[in-house]
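Engineer: Join the two chains, each given in its own frame, into one complex according to the hints.
Here the protein sequences come in this chain order: A and B.
Residue numbering for the first sequence follows the working numbering, beginning at 528 and increasing consecutively.
Residue numbering for the second sequence follows the working numbering, beginning at 154 and increasing consecutively.
Worth flagging that the hints you see were computed from the coordinates, not collected in a lab.
Please note: incorrect hints may appear among the correct ones.
[As the list claims (entries may be wrong)] FRET-style restraints, in silico, Cβ to Cβ:
1. D248/B / V573/A: 55 to 63 Å
2. L603/A / A330/B: 39 to 47 Å
3. K529/A / Q172/B: 57 to 65 Å
4. A578/A / A253/B: 53 to 61 Å
5. A366/B / G685/A: 31 to 39 Å
If you're wondering where the values come from, they're calculated on a predicted model, not measured in any experiment.
Yeah, the Cβ is synthetic: ideal placement off N, Cα and C, and Gly gets one too.
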Amino acid sequence: MKELAKIFVPLLLGVAVFGLWQFLVRRYQVPVYVLPAPGDIAQAFVDNFAALMAAAATTLKIVAIAFLLALASGVLLAVLFSLSRVVELALYPYAVILQVTPVVAIAPLIVIWVHYERIELALLILAWIVAFFPILANTTIGLRSADRNLIDLLRLYGAGRFGILWRVQLPGALPYLLGAMKVSGGLALIGTIVAEFAAGTGNDTGIGWTIIEAGRNLHIATMFAALALLAAMGIAIFFALSALEWLLLRRWHESALAAQG
Amino acid sequence: MGVLVTLSHLSKTFDSGLQALANVDLQIGDGEFVSLVGPSGCGKSTALRLIAGLTKPTAGTISFPAGKPEMGFVFQEPTLMPWATALSNARLPLDLKGVARGEANGRARAALEETGLRGFEAAYPRELSGGMKMRVSIARAFVGRPKLLLMDEPFAALDEMTRAELNDDFLKLWKAAGLTVVFVTHSVAEAAYLSTRVAVMSPRPGRIVADIALGRAPTPDPSRRFSPELAADARRISDALHGAMKAAA
Numbered sequence: 528m529k530e531l532a533k534i535f536v537p538l539l540l541g542v543a544v545f546g547l548w549q550f551l552v553r554r555y556q557v558p559v560y561v562l563p564a565p566g567d568i569a570q571a572f573v574d575n576f577a578a579l580m581a582a583a584a585t586t587l588k589i590v591a592i593a594f595l596l597a598l599a600s601g602v603l604l605a606v607l608f609s610l611s612r613v614v615e616l617a618l619y620p621y622a623v624i625l626q627v628t629p630v631v632a633i634a635p636l637i638v639i640w641v642h643y644e645r646i647e648l649a650l651l652i653l654a655w656i657v658a659f660f661p662i663l664a665n666t667t668i669g670l671r672s673a674d675r676n677l678i679d680l681l682r683l684y685g686a687g688r689f690g691i692l693w694r695v696q697l698p699g700a701l702p703y704l705l706g707a708m709k710v711s712g713g714l715a716l717i718g719t720i721v722a723e724f725a726a727g728t729g730n731d732t733g734i735g736w737t738i739i740e741a742g743r744n745l746h747i748a749t750m751f752a753a754l755a756l757l758a759a760m761g762i763a764i765f766f767a768l769s770a771l772e773w774l775l776l777r778r779w780h781e782s783a784l785a786a787q788g
Numbered sequence: 154m155g156v157l158v159t160l161s162h163l164s165k166t167f168d169s170g171l172q173a174l175a176n177v178d179l180q181i182g183d184g185e186f187v188s189l190v191g192p193s194g195c196g197k198s199t200a201l202r203l204i205a206g207l208t209k210p211t212a213g214t215i216s217f218p219a220g221k222p223e224m225g226f227v228f229q230e231p232t233l234m235p236w237a238t239a240l241s242n243a244r245l246p247l248d249l250k251g252v253a254r255g256e257a258n259g260r261a262r263a264a265l266e267e268t269g270l271r272g273f274e275a276a277y278p279r280e281l282s283g284g285m286k287m288r289v290s291i292a293r294a295f296v297g298r299p300k301l302l303l304m305d306e307p308f309a310a311l312d313e314m315t316r317a318e319l320n321d322d323f324l325k326l327w328k329a330a331g332l333t334v335v336f337v338t339h340s341v342a343e344a345a346y347l348s349t350r351v352a353v354m355s356p357r358p359g360r361i362v363a364d365i366a367l368g369r370a371p372t373p374d375p376s377r378r379f380s381p382e383l384a385a386d387a388r389r390i391s392d393a394l395h396g397a398m399k400a401a402a
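Chain B extracted, bound-state conformation (with noise of 0.2 Å):
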């Protein structure tokens, strides 16, 4: 398993004077569903913009040793363009780079299809609900076909089911597509069933305090949410987070 990113002594202070991150080290490899789990203003959604090349470091590096991999990015917001349909928002990163406007609407097609969204091609984004949208801003980030896909908490403002359903419907993509997956969470119970690999951050400025593999194929399994195994991994790693907020305290 090759390397896709890694992020060395990566440190990040805003203007005003807040230092989000500290020291970051971290290696994500290829195929692995990194979830990055610590509390509210940690600098999560700092690194994976760093990652993403929308802001620069204040200090370490960030490098692709096998080269910058195409990317895709998806918010906590569906962030969808209100004045154009499900196609035409799932279609623009292929617009941007200039596809074919034929076979850029056929992508977008099988992108809202394997999404679920099939028959809401030409819907607008207020005539969807909020997991349709997500849904939405998912086939978006899918159909560029990257290799590193960046999740800002996606399913965080979603009602329970919603997001149960969400996450079972992503790990099947995931599977199929074999990407790489950065996933930021602050739901402990989410990050032991979807990741492959937790990686635990302190409080402000955020460090990785604990790199936590789960050693399995996360499956989307709605059984397995009540299994003793993904219990003993919240477990492990609540307790990381626990103990870097008592640190920190």
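For reference, chain A alone in the conformation it holds in the complex (with noise of 0.2 Å):
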């Protein structure tokens, strides 16, 4: 009955609301291109469709690739930060300024250094800036937040400083890590978007362009196509992490226990 309703009545509440959208901007007129209804919005998508689903995927291809960097890169210098306190010394503070600049202000430095003809590149390493932290910071903490006595149970028994890591650190850092990896999924598209409209250029053919192209002609119901289609893949990729998190954790951590009642 209560998962019913988890579903039901958010799902209620938004035919209701879309009923009254529509019923409002036909009662009154609305013209098209102050506020399109949602009827005008699904035909956009209908007629837009093969465009729109190529922006998505140019899109999504650069989200994609941006945020494994990010998990790749983000765990690697976890690792080494936990290897070397001098290291993390060293690094720690730029890697906090990177996380600490807004992204809007790097776009046009970034785009002018690698050009405007190789704009997914720049829109990569955008995506990237703002996606890595939380996975450095998080598996950093993850990764000293071992139990002290493992470690030294483990050091009673011979392992060396990579066989902790292996055996103790690194799989009781992945509770944080998933957590992480929810946070940069989702910023490795907002990353991407910011991007596209900082490099503000007709070079790429994301969702971000096509966004800004539909406000520029005033199609504003395929601006809000788009938009919902951006809604869509966010969500996809916030519940794609959630996934991979329940089947990692669900036999042994807290969190998986918690929601399952």
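Structural biologist: This is the structure:
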């Protein structure tokens, strides 16, 4: 019953809001270039289906590559930090600087450096910058939170630095990493779109550019369709990473236990 | 009976300036069950960690006249890997020694069976009770067939019933394996029930103030808990402990 309510209550609300939206727009004859009705948006989605899908695919490819790069580099650097205090002392402040500088502000510089012709590379770098830090920060904490006694036990049984890392620290950091991945997945998408806006050229054909172009041409319904698609992509990324988390933690971690009720 | 470990003039001061141990002398013989009893913070755990080689003494030496024995360690917490099954947890020392997986699994399974966990090989720690987790921890300590087992208040966090049950099961294992145990506890009754010998320590910085040989082989017999002999032993230990506390105050 509760499970059904979780699905149907928000669904019902959505249907009601869309119904009211459609009704009000038609009733007061709001021009389509100000606020399109849901029906107009659906029509725009169908009319531009091929273009929207191509744009979504372009964006998604960049998001996926940036996310995987962020994952690999974040974990690798966190491992380096845990192995060497000097490396951590030297690099962590710069990672923070990279994180706190707004990506919109860095974007023009990156775009100039890699040239407009290779705009996808610029988007990739910018998306990587925003997605990278949560992975690094959380994995660093995770690796450091390992049970001291367990580490001592491994040392007693003759394990070296890498044995401890592999057998205790990395598995222990997994819940932290998976939590960070959910954040980073969303950030990679946001970073890509922001970068597309900042680049503001037609050289790329991602969903961000679709929105800019539709806006310039006052195709507000297409804009909404692209926005809906973008939201769907964000939700899909979140659910995919949540599913991965559940799959890897369900047998042993408290967070998965709580979800089972 | 040969001497397994000799602690001589052992002192330990931490970087913080805290002196945990002062001039500790102790010999532990092959096959003994020695309990270290003392007030909280008297350096009992530090002594164990020194024997295990997990920390270095500030002064004095730890020597193993017959060569460094294979050691096992049991903490107050079960200290299991939550992401690994009971079998993988019990197998850990063998994995680290590079024992082939097939043989390691067989030995881990046997160790779990000895600690009463047959049928729980595939269970994860969160699926086990506190007492069962401690049994996995003990199975892990036994699986490498150590000569010397160091135990740091292993049963202190358990309820009274589980604790008594584990005391008896552990005594059976100790007898069967013929190993030497150094057992840290703050329970006088537990020390009297389990040990062949009890070393009483003073408040920090810890020294050995009394070395009481109980002169018998402990047997896993619950009725013994309320016997006059055990009560007399407990009194001797308790008197020594209170004497040390008073002297320090």
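Engineer: Would you mind marking each hint as holding or not holding in the structure?
Structural biologist: Hint by hint, here is what the structure shows:
1. D248/B / V573/A: 55 to 63 Å: holds, 58 Å
2. L603/A / A330/B: 39 to 47 Å: Distance hint for L603/A, A330/B holds at roughly 44 Å.
3. K529/A / Q172/B: 57 to 65 Å: For Q172/B against K529/A, whose Cβ atoms are near 59 Å apart, the range 57 to 65 Å holds.
4. A578/A / A253/B: 53 to 61 Å: holds, 59 Å
5. A366/B / G685/A: 31 to 39 Å: Between A366/B and G685/A, where Cβ atoms are some 34 Å apart, the hint holds.
Of the numbered hints stated above, none is contradicted by the structure.
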